[in-house]
Amino acid sequence: MLDLDTLLERCRRGDDLAWEALVRRYQARVFGVALHYLRDRDEALDAAQDAFIKVYRSLGSLEEGQAFVPWLLRLTRNCAIDRLRRMRVRTPAVAVPAEEAVEVADAAPSLEEALLGDARKALVYRALGTLSETNREMILLKDIQQMKLEEIAGLLALPLGTVKSRTNRARLELAQAVRRLDPSYGA
Amino acid sequence: MDRPDHEPDLDQELEALLARVLERTSGPACRRAEELLASAARPKEPADDRPAEGPGEELPPVDRELLDLHLARCGECRSLAAVLAELARDLPRLAEVRPDLDLVEGILAATLPAAVRWRRRRRSWAERWPRWVRRPRFAWEAAFVLTLVALPIFAAPEAPLEQVPERAFELARENPVARLEGPASEVEARLGAALPAVKASAPVREAERRVAASRAAFGEWSKLAGVAALTDLPGRAERLLEAGRAGLGTLFESAASLLESGDETPSATPEDSDEETS
Chain A
7 MLDLDTLLER
17 CRRGDDLAWE
27 ALVRRYQARV
37 FGVALHYLRD
47 RDEALDAAQD
57 AFIKVYRSLG
67 SLEEGQAFVP
77 WLLRLTRNCA
87 IDRLRRMRVR
97 TPAVAVPAEE
107 AVEVADAAPS
117 LEEALLGDAR
127 KALVYRALGT
137 LSETNREMIL
147 LKDIQQMKLE
157 EIAGLLALPL
167 GTVKSRTNRA
177 RLELAQAVRR
187 LDPSYGA
Chain B
613 MDRPDHEPDL
623 DQELEALLAR
633 VLERTSGPAC
643 RRAEELLASA
653 ARPKEPADDR
663 PAEGPGEELP
673 PVDRELLDLH
683 LARCGECRSL
693 AAVLAELARD
703 LPRLAEVRPD
713 LDLVEGILAA
723 TLPAAVRWRR
733 RRRSWAERWP
743 RWVRRPRFAW
753 EAAFVLTLVA
763 LPIFAAPEAP
773 LEQVPERAFE
783 LARENPVARL
793 EGPASEVEAR
803 LGAALPAVKA
813 SAPVREAERR
823 VAASRAAFGE
833 WSKLAGVAAL
843 TDLPGRAERL
853 LEAGRAGLGT
863 LFESAASLLE
873 SGDETPSATP
883 EDSDEETS
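Chains A and B, in that order, give the protein sequences. The opening position of the first sequence corresponds to residue 7 in the working numbering, with each subsequent residue numbered one higher. The opening position of the second sequence corresponds to residue 613 in the working numbering, with each subsequent residue numbered one higher.
It should be emphasised that the hints constitute simulated quantities derived from the structure, not laboratory data. C-beta: ideal position from N, C-alpha, C; glycine also. Any given hint might turn out to be false.
[To be verified] What follows is a set of in silico ranges between Cβ atoms, one per label pair, in the way DEER data are often shown:
| # | chain 1 | residue 1 | chain 2 | residue 2 | range |
| --- | --- | --- | --- | --- | --- |
| 1 | B | Arg676 | A | Ser67 | 55 to 61 Å |
| 2 | A | Gly71 | B | Trp741 | 41 to 47 Å |
| 3 | A | Asp22 | B | Trp741 | 54 to 60 Å |
| 4 | A | Leu23 | B | Glu677 | 52 to 58 Å |
| 5 | B | Glu670 | A | Glu70 | 25 to 31 Å |
| 6 | B | Val745 | A | Gly20 | 39 to 45 Å |
[As the list claims (entries may be wrong)] Partial selection, computed: residues in chain B whose CB lies under 10 Å from chain A:
| # | residue |
| --- | --- |
| 7 | Ala650 |
| 8 | Val674 |
| 9 | Glu677 |
| 10 | Leu681 |
| 11 | Leu696 |
| 12 | Ala697 |
| 13 | Ala707 |
| 14 | Leu715 |
| 15 | Val789 |
[Unchecked claim] Here chain B is said to cover these stretches of chain A; the calculated rule only asks that three of the stretch's residues, wherever they fall, bring their Cβ under 8 Å from a Cβ of chain B:
| # | region |
| --- | --- |
| 16 | 21 to 30 |
| 17 | 47 to 56 |
| 18 | 76 to 83 |
| 19 | 149 to 157 |
| 20 | 184 to 192 |
Let's have the full structure, built from the sequences with the hints guiding it.
Rendered as structure tokens:
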């Protein structure tokens, strides 16, 4: 596989093939982050596309090597949050009865299973959905995207100690949520 | 060695005693065990090339031993530990989610064609513009476009510059040249009055003196050239003379004409220099 630095250098020089390879390499990860924030396939696809277009527009100032992935994830997060804000202010064209809203919520796990490929991942994903937004974000950034604590602290503008304690608390909460959904998990 | 029959009972009693003591002192140690479990939940994967970070990732040996002692006795915490370990394996697998359609096509459609289109447009414009301007019709077209632009600005009712043409006509009718004649003749009279003073001024006199000195020097040089011609250097003298005529003749002409126009100083002409030479 091509070295990331080489790929980025080629992208900076305007090599269209390198750009295609870069998108291909990181699309699943970017889509994954967007999906975790938005929990909606179409919106996540749009957010991922927005993120890549922003990357393309700033090709000249792309971050070097190891800093690229955290930068890309931060960009994706920002795009997803922007989209989330727009979704929240958007009012539905017609009033949705409460029963239908429940059905929509129930239908979500099947989408997760379809996207995630196996029931076990879908279970964890569902458990993540029961966490508070703060805790979910901590799990997403630390345990799923494997970002360093310092990177998360920089991204969320929080002290390092706060990030550590929040991550630990989020893990415990997630473990309890998984056990509630499936007591056999981890047995 | 066989364990005594009463030992299980003793263990239970000791556990009960421990529970009672903890209850009346620090409380159960499960909270502390949970903290340690959560902070040590991410085992370092063999494939993970990222450096281990923070004290939380690798528990200090003492904490590890204390935690193991607790886990050996506490089923609840042991179960939590198992779930956390399982999550540590499952969560990184959620990092990548394959979209059901390829994002690449959409992203490339939204990025590359725009850039390529812009480059092409710029290039074709640069090629087309000179050809377009050179067409014979261009002047007519430009005039037509300018008229179209000017009409709404100057001629249309309520146009921002509607009053401008009318005001221009008014000015033309007033004959601005006649208005300027008075001040112009006054300036001319003043210049005429000032001219003698200018001619008598020190710089003009200095210029005259320098021209006279140059004439004298040229006369001296001509004599020397004549002497050179008599002393077996006729070719050299001739060349010198020619050069002198060509170069200095022009200078004298201009200087003489300047003096002639400024004063009664006698003019220096090429004829004069020829006479002196001869």
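Hint-by-hint comparison with the structure:
no.	hint	result
1	Arg676/B to Ser67/A: 55 to 61 Å	violated (45 Å)
2	Gly71/A to Trp741/B: 41 to 47 Å	holds (43 Å)
3	Asp22/A to Trp741/B: 54 to 60 Å	violated (28 Å)
4	Leu23/A to Glu677/B: 52 to 58 Å	holds (55 Å)
5	Glu670/B to Glu70/A: 25 to 31 Å	holds (29 Å)
6	Val745/B to Gly20/A: 39 to 45 Å	violated (31 Å)
7	Ala650	holds (4 Å)
8	Val674	violated (19 Å)
9	Glu677	violated (20 Å)
10	Leu681	violated (20 Å)
11	Leu696	holds (5 Å)
12	Ala697	holds (7 Å)
13	Ala707	holds (5 Å)
14	Leu715	holds (4 Å)
15	Val789	violated (61 Å)
16	21 to 30	holds (count 5)
17	47 to 56	holds (count 5)
18	76 to 83	violated (count 0)
19	149 to 157	holds (count 7)
20	184 to 192	holds (count 4)
Against the hints set out earlier in the document, violations occur for numbers 1, 3, 6, 8, 9, 10, 15, 18.
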